[in-house]
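A.B. asks: Each chain, written out:
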Amino acid sequence: MVNLKVGQEVELEYGGKAIVKREIGRGGQGSVYLVEYNGMEWALKWYDSSKFRDIAEFRKNLKNIVSDGSPYNKFVWPKYLTKQSEDGQFGCLTEMVPESFDSFVNILRDFKVVTDPLTSHLVRKPVRFTRLYAMVTAAINIVNTFRKLHTAGKCFQYLNDGAFFVNIETGAVLIGSCDNITAENMDMGITGKPGYTAPEYVLGKAKPSRQTDYYALAVALFKVLFRGDPLEGRKVVMDICLTEEDVLKHYGEKALFVMHPDDDSNRPVRGIHDNIIKFWDTYPEYIKDAFVKSFTEGISDPEKRLDEDQWQEIFIRLRSEIIQCDICGRTNFVSLFDKIDSTTYKCPKCGYDIATIHFSNYDWRLPVYKGRKFYECEINPFSDDFLSVSGEVVENKLRPGVMGIKNCSSRTWKAKMPDGQFHDVGPGKGFPLWQGLEIDFGRVKAKM
Amino acid sequence: MSNKNNKSAQESVKENTRASSLLDFDDDDPLGATAVSKKSLVIFFLIDTSGSMKGKKMGELNTVMEELIPEIRRVGEADTDVKIAVLTFSTDIAWMYSIPISIEEFEWSRLEASGVTSMGAAFQELSARMSRNSFLNSPSLSFAPVIFLMTDGYPSDDYREGLKALQSNSWYKFGLKAALGIGNEANDEMLAEFTGSKDTVVHAYSGGQLAQMIKVVAVTASQIGSKSMTLSDETNKELTEEDVMTAKQKMLGQQIQELVKQDDSNDVSFDTGW
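Chains A and B are the protein sequences, given in the same order. To convert, note that position 277 of the first sequence is 277 in the working numbering; the numbers rise steadily by one, no gaps. To convert, note that position 167 of the second sequence is 167 in the working numbering; the numbers rise steadily by one, no gaps.
Just chain A, same shape as in the assembly:
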């Protein structure tokens, strides 16, 4: 391949020139350069035509992607195509991923390497979700990007850890590698890693489609929670080395989920897959069930894979079942708190009781603790908005120690106050938490 040089000018398809500033990375499809165009910094992915089965077809598809535009602002979408050089080389410009986002690669390996501004030495900086909320929200956001892509009739050809960028404080997600997106059922012959690739695609039986994406989605979500590969266990590690035949076997014809309920021959190995061993039993049954279904029936039958709606429901529930103990601060899922009766959890660390509330649209009860937020989709069954906070458990500013729920939405609710009467609760107002509390959110009713 022909590498670009610092200072070199690259002409864009529809006019203008990008100036190469430096190389910032290299991957299986070419190199990525930092370039300047129109006074802004951009990433220029410069393709190595020898890595493509049909580079002309790839360019044609890329052109379509650029002109279609991004279906959702969370995609780092190809913006401008360059002209082809005399020997047929070309690239495309995308926006730079903001520094507040970390590559999923770094989240998985726990650190990133940065230049210390004082000493200019390379140092390791930990990369970790700062809150449980952020981790689960990241999962919901990943689900949502897949939905937006599928709604636009497109799918991923190939994904890897490097395609996901996550804000570890908020759980916001950006998707890179969008130059590999195509219309459904096209096959660009793009080679990749087996990790995210559905078994039927590994075996060459199917083209990339919504179903192969559902497989990739399950893998991404599994990795967010369990930090490991769902198919890499004892059986895989026992091989001398990972040869092509082994890949075909372990990720294709003989793919076996590490937590398969009826076959323990590919269980995670201590020392290598510690995260999966450690976390598997800490999650509630419905989470485990979803992954078991995805990686047992869903391995051989693409129709059995969970779609975005199913995943979203599961993860919104998981997020709603996070408890943060008001006293000792222990934060975890309800599955790791003791339950003393049908309505109360007990913190196993400090013994504090945590109350719950029942929403008419859920079969389960939601824990109530200071700082707990209720999202629009939780109080309005017709809403898909999992990010807007509609209510929050807060302490009364004038009466310290008295906890209540504040209406952060723009609608008026009704709540049963300790006087036994229902009162209107307008935006910005609140009401105390008490034994007989009932709330009318409109379409959803809640009761302590």
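To be clear, the hints were calculated from the coordinates, so they are not data collected in a lab. Don't be surprised by glycine CBs; every beta carbon is placed ideally from N, CA and C. Treat the hints with care, since some could be wrong.
Distance condition first, Cα-Cα at most 20 Å in a straight line; then the derived SDA-like pairs of lysine to any residue [what the hints assert, rightly or not]:
no. : chain 1 : residue 1 : chain 2 : residue 2
1   : A       : K51       : B       : Q257
2   : B       : K227      : A       : D116
3   : B       : K38       : A       : V105
4   : A       : K21       : B       : E71
5   : B       : K38       : A       : M238
Every beta carbon over 12 Å from chain A, so not counted as near; a handful from chain B, in silico [as the list claims (entries may be wrong)]:
no. : residue
6   : L87
7   : I101
8   : G115
9   : D158
10  : E161
11  : Q167
Only part of the chain A face toward chain B is listed, based on derived beta-carbon distances under 10 Å [what the hints assert, rightly or not]:
no. : residue
12  : G28
13  : K83
14  : A183
15  : F226
16  : D274
17  : I327
18  : T331
Mind docking chain B on chain A? Use the hints.
C.D. replies: Chain B only, in chain A's frame:
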């Protein structure tokens, strides 16, 4: 690996996968994940340091290798731990470092040339080290190693004996093998015996070519080596094990040949102008 070893490895793995006991509070934080263990790839460089390499060839090689390390660092996929091991052979054989060193920390130590070409002994040594009990002891998944031989002449010992030992080593069988002949004396046919295919043998007659060939081969091999798979080209056909068997080695051959064709350096040959 012998049957006995196999069994005990299996047992110890089984032992290790028993359901974990109850976690304590500090240990059940879902955010407290440890780093995901990386897959490992060892790149073996087998380098001829016999007397005939003295001078321009050795100087050139040292410079190229120094430049190559950061380049491989960039190529390496983030989820792969790439390690380097350098075995030199002249009258004696020697490893540059006693164990393979991670690419992040690897520093090239300049080589000097003298003595004869004990290539057979180097093959024997490599075969002995390419084992789970020695250099390839990463606990997590390993990719097949990359083995890159560079020489400028004909072995002075019985290389066939050494090659035989190597050929019975499974890691060698699965490994990505490439060879570079330097100057007119190097025998491409003998090198093809080592790599198992003519496609992965290249030749450099000049300093410019040497630099280019080493980079092409090492970078391409580490790219292919750290990739888990090659997907099918014809999607209507279901892949079988035979289809993918040695697919990487073939791919390496193709890519090397393609890149070699692009070579247009025409500077002074190693063997002329003395």
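A.B. asks: Each hint should be assessed against the structure and marked as holding or not.
C.D. replies: Quick rundown of the hints versus the structure:
1. A:K51 to B:Q257: 14 Å, holds
2. B:K227 to A:D116: 31 Å, violated
3. B:K38 to A:V105: Holds: K38 of chain B and V105 of chain A sit about 11 Å apart, inside 20 Å.
4. A:K21 to B:E71: Given pair K21 of chain A, E71 of chain B holds - Cα atoms ~18 Å apart, limit 20 Å.
5. B:K38 to A:M238: Holds. K38 of chain B to M238 of chain A sits at ~16 Å (cutoff 20 Å).
6. L87: Answer for L87 of chain B: holds, closest chain A Cβ roughly 19 Å.
7. I101: I101 of chain B is indeed farther than 12 Å from all Cβ atoms of chain A, at 17 Å.
8. G115: 33 Å, holds
9. D158: 28 Å, holds
10. E161: 24 Å, holds
11. Q167: Q167 of chain B is indeed farther than 12 Å from all Cβ atoms of chain A, at 15 Å.
12. G28: Since the shortest Cβ distance to chain B is 6 Å, the answer is holds.
13. K83: Result: violated, 21 Å to nearest chain B Cβ.
14. A183: Violated, because the Cβ-Cβ distance from A183 of chain A to chain B comes to roughly 15 Å (cut-off 10 Å).
15. F226: 8 Å, holds
16. D274: Hint holds; D274 of chain A Cβ to chain B Cβ min 6 Å, cut 10 Å.
17. I327: 14 Å, violated
18. T331: 8 Å, holds
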